[in-house]
Structure formats: structure tokens, C-alpha cells
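Listed here are the chains, written in short residue letters.
Number of protein chains: 2
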Amino acid sequence: MSDRTDRTVLVLGSDPPPKLDRLAGRARVVFADETTLADRLPTADVLLAWNFTSDAIRESWPERGPRPRWVHTASAGVDRLLSPALIADDTVVTNARGVFEQPIAEYVAGLVIAMAKDFYGSWELQRQRRWQHRETLRLAGTRAVVVGSGPIGRAIGATLLALGVTVDLVGRRERPEDPEFGRVHAAGALNGLLPHADWVVCAAPLTEETRGLFDAAAFARMPRRARFINVGRGPLVDEAALEAALRDWRIAAAALDVFEREPLGVDSPLWDVPHLIVSPHMSGDTLGWRDALAEQFQDNFDRWAAGEPLLNVVDKRLGYVPVP
Amino acid sequence: MSDRTDRTVLVLGSDPPPKLDRLAGRARVVFADETTLADRLPTADVLLAWNFTSDAIRESWPERGPRPRWVHTASAGVDRLLSPALIADDTVVTNARGVFEQPIAEYVAGLVIAMAKDFYGSWELQRQRRWQHRETLRLAGTRAVVVGSGPIGRAIGATLLALGVTVDLVGRRERPEDPEFGRVHAAGALNGLLPHADWVVCAAPLTEETRGLFDAAAFARMPRRARFINVGRGPLVDEAALEAALRDWRIAAAALDVFEREPLGVDSPLWDVPHLIVSPHMSGDTLGWRDALAEQFQDNFDRWAAGEPLLNVVDKRLGYVPVP
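In order, the protein sequences belong to chains A and B.
Reading the first sequence from the start, the letters are residues 15 to 338 in the working numbering.
Reading the second sequence from the start, the letters are residues 15 to 338 in the working numbering.
Hints are computed from structural coordinates only; laboratory data are not their basis.
Computed from a predicted model, the values in this text were never measured in an experiment.
You may find that some hints are simply not true.
Derived SDA-like pairs (lysine to any residue); straight-line CA-CA distance at most 20 Å [what the hints assert, rightly or not]:
{"no.": "1", "chain 1": "A", "residue 1": "K330", "chain 2": "A", "residue 2": "E222"}
{"no.": "2", "chain 1": "A", "residue 1": "K330", "chain 2": "A", "residue 2": "T105"}
{"no.": "3", "chain 1": "B", "residue 1": "K330", "chain 2": "B", "residue 2": "A99"}
{"no.": "4", "chain 1": "A", "residue 1": "K33", "chain 2": "B", "residue 2": "E149"}
{"no.": "5", "chain 1": "B", "residue 1": "K330", "chain 2": "B", "residue 2": "R78"}
{"no.": "6", "chain 1": "B", "residue 1": "K33", "chain 2": "A", "residue 2": "E149"}
So that you can see chain A by itself, here it is in the shape it has in the complex:
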């Protein structure tokens, strides 16, 4: 069997290189980093964005000439890829839908309970060797607004529903009937929902419509008891506005797993904002996730090689994979 070296898969990010055993003998696999990507893009049929935290693809996507016909990103969000040139041409973009939903939903449920039960207060008291009983919140009967009606938002919503929380799911467009949530609210309904929220969870894709969605005005609409969680993308939130809302006790608490600039620098003020939980963009990353991502890409490669339709095709103008 001879190598099909007429197919080239270019991988952005070589540390650690994914296991792409199933491509052996079927395609030439070439690696690139941020400095070599632009040179190598014209030589590739397929681009695998393994380092999905890089802006290099958006910045170096060719305006013209040869370029990959398919880009797969090992992430749910595609905001870092989509340049106007990539949106405009007919290259297909696919994402890692299916890998992160359940882990992120578990993570968010854990944050909600940790906040409701004041685990952070208990831990601080433990450090001080102080026995101080408190009464905490009962989750059942509280109300969550989950922004983002894609698979991740839906998984979060379903998990909160299972915990007895009433869930308002907000998407781009209204869907008046939904088998799981009764309905999906349109983006325009968010302002009316925020005042009634105990929990506000942001799991939206980052698009021009959602950038800065959680700004000072949004935090002002939340009740003082509200707790805010962002597992979407950092720029969905005006971090300074969130910090001000927490420092002034205008909302009760928040948790950020994603940030405007990642990694968060040691001198960021966010590390010690009161009642703010900071974690390093890890909500979806469970043991084995890299293997799962590599398998998922190779499953799609099988389809591509066979001329079959790809899974998880992104609507590049919307900026995400539309739910059917």
C-alpha cells in the first residue's frame, strides 16, 4: 500500500502532537506553529487547529490562491479561526461538538452548588480551624438563565433541570416549543429574564452579536442575589464591569473559567476580586479529552477521504454549528 501523499494534513500546534495513527498511509501530516503557519497553509488540503487558542489562522488565512478546503478545530468555539476571508470562501469549517458538553455541564452544576452551599466559605473557615455553622441555599426551586442554546448550553440547562432548577434557555432566535425546556427565548428576551435570575450562565458562542453581552447594564439588571458564571469565551463579558459589580455587591458572586486574555497574567486584578472564582479555562477538559479530540478529527477525516458529508459543520456566518 503506497502513501497517499497527494493529501496533506497540516496541524497547527505540535506540543503535544496528537495521535493521528489512523492517517498513516493515507495522508502526509505536517506540523506548523504560529510562525510557520502562513507559509505552509497553501500546501495543505486539510488544516487541523489543534492549538485552538492561537489567533494565527485568522491572521494568516490566504486571501487568494491554494488553501485548505477543510479546517477542523479541536474546540467548540470557532471565534479564533474565522477571518473575513475564511468566512467568504468555500472552505468547510468543523468543530469539536460532542466532546465538551457533558464535562462543562458537570462543571457548571458544581459551581452552582459550590456557590449555593458556600463551599468557598467553608474552605476558608477550615483553613482557620473555625467551626461556624451557616444556613445555605436550597438549589431546587431557584431559577437559572442559561445564555447559549447550542449543545453546551443545552447540556448545562438539562443538568440544572435535573437538580430541580427552573431553566430559561436563551438563544439567538426564539423557538416557541422545545421538548426539554418548553421554549428557547430569543436574545432580545434576555433583559427581561435577568431580574429574575438566581444564576446566570454564559455558554454562548463569541460572535459580533454576543461580544460584550455581559456589560455594566446587564449586571445592573441582575438581582443582588444573582451569581454569574462564564464558560463561553472571555470577551462575552466586560471584565471591568463584572469586577465593579462584585466589589459593590451589586451581584452576589461570579465564576470565570474564560478571560479576555488567556492565560490570565499574575498581575490581573481578577485573581482577588471578592466572591469571584477564577479557573484556567478547563471546564470542558477531562482526562482523555485530547484522545477524544484526535479520534473525532480522524472520524471526520474518514468521511472526508470517502467524499462523505462532514459532521459538525460550522455556519461560518453565524459563527457556530446550528442546532437542527
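Place chain B on chain A using the hints.
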């Protein structure tokens, strides 16, 4: 309407006194503390164990002579009440079944997720202003052994099931068919289940059969990845054996909400055992719980006054309210 002062309700614990408005005009309400209880017991028709952390009832229950015909405790566990004399006579004991189940189940689910996602590690890193991504556990597909098949154990099990965890519920007796869990394992099956557990949750009543159930041998049977949670009663666990298991990394982590002696003294070694989460017996205590407990007692008082059967009657020989 004249006071029915022929009925006396004695309340152990006066700080804070419960709202017993619905007893007004229907019974004389008398308060006692641990020093006056013995004197006042013979004068009471009903005893409300509002301070349910006291051993005074067990220690001063009369061997003979007049005594309350009904004892209600504002707790799920009745281990602090049941003296041989109280077990032997025909006084009815009722408990607070129904108030604590859902809050405790939420609390345990939160602990499980906090451990799976290493929230405690993230919080420590936040204190150090360090961005350190880790891969954590996916909950779905893990296996929990929940010891205690009463309403609290069942609520914990149901919540873990909803999170995709496989649950083995262990009770006193085997029930080969169970609508929610498939089956309930007999106590004797525990040893065989422990080696396969990712999570071991103790929500058993404290009885002579369960005292010291989680000893060095039990921890030795758990795999190194096991995480142990006790929301039952402190003496169900050999604390020294747990400490040794954690210090030697023979299990991965533990969380104790209940202790052999409460409150935990400032000099207890448990405060800083590695990978041990300590909280002050609060897993079931959500805002409004005292009101709910007072309402529940008064609902049962209505039944008692009308000569109707009481709810939540404890099987004094078993030491808990049997599930029908």
C-alpha cells in the same frame, strides 16, 4: 376558647425558640435545657427535641413513672435520643424526614463535582495567582456506592444518577427490585462493592450495627482513586483510620460534614489532613430549615391532637423510619 392546658409540650432547646404559633390555645409550651430536662420530662405529654445535638434525652429518659407519650426530633437521625428505656416503652418517636433529603443530596452532588473537577486545587492556585490548567474527571460513567437506603441515601443516589453516575445503594436488607436503583444491596454486600467505587457516600443511620462501619479495613478495600463522603453521623467513621488512609494516599480524598465530637475542636488534627474537606454539620441546613422543622412538628401535632396516626414514626429497634 380556653387553653387546653391539660396538654404540655416540652421543648428541649430554647435558643432560638421555634415558632410554635399553631400550638397557641391548644397546649402549654414549656422549655427545658439540658440541666432542667430530667425534672420536666414527667410533666410533659409531648417532647420536642429541638436541640437535636444534645444527649440529654437519652441520658435522662425515665425508667418508670409519667413521661411523654410522643417524642419528636427536629433531625433525621435519632441516635442521640434512643436510650434502652425509651426503646423499651411505648412512647412514639417521630423524626424530621422530608426536610433534609433534597438539601443533603444537593450538597453531596456538589462535593462529588468539586472533587472531580478539583475546585479546591483551583482555589488554592487562585490564591497564588497561578494559571495552571489541569485535566479533571468526567463524572458521567463513574461509580458511587451510597450507604444508607433511607430517604436521604435515596435522594443522594437519585441526584448522582441524574448526573450520569452509576449508583449502588446499600441498605440493611437486600431488596432485589427497586424502581429507581434496580436493586438495593444488603449491608453484607458492601465489602464487595467498595473495590469498584469512585465515590463512597455514607448516609446511614447510626445504630449499633453501623457504628464504626468505615474503619481501616473498609478504607483498605477502596481503590486509591476512591473519594469518601460522610453526611451521616460522625461515629460511623473511624476518624483516625480515615486520617491514616488520606495521609498515606490510600484513598484520593474525603469530605466530612459530621464528626465523632461536634463542634470539632480547634486542636483537632482533622482540620488540616491533606485532601480532607471539613464542614460544620450543615449539609442539610438550608435557609428556612428551622421554619420548615417547626411547621413539620406542628403538622404532626395536629394529627396527635386529633388522635390520628403520626407521620415519620421511627422503628425504635431499627433506629430509623423504615421505608415502606
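Evaluated hints:
{"no.": "1", "hint": "K330/A to E222/A", "result": "holds, 12 Å"}
{"no.": "2", "hint": "K330/A to T105/A", "result": "holds, 10 Å"}
{"no.": "3", "hint": "K330/B to A99/B", "result": "holds, 11 Å"}
{"no.": "4", "hint": "K33/A to E149/B", "result": "holds, 18 Å"}
{"no.": "5", "hint": "K330/B to R78/B", "result": "holds, 18 Å"}
{"no.": "6", "hint": "K33/B to E149/A", "result": "holds, 18 Å"}
Of the numbered hints given earlier, the model fails none.
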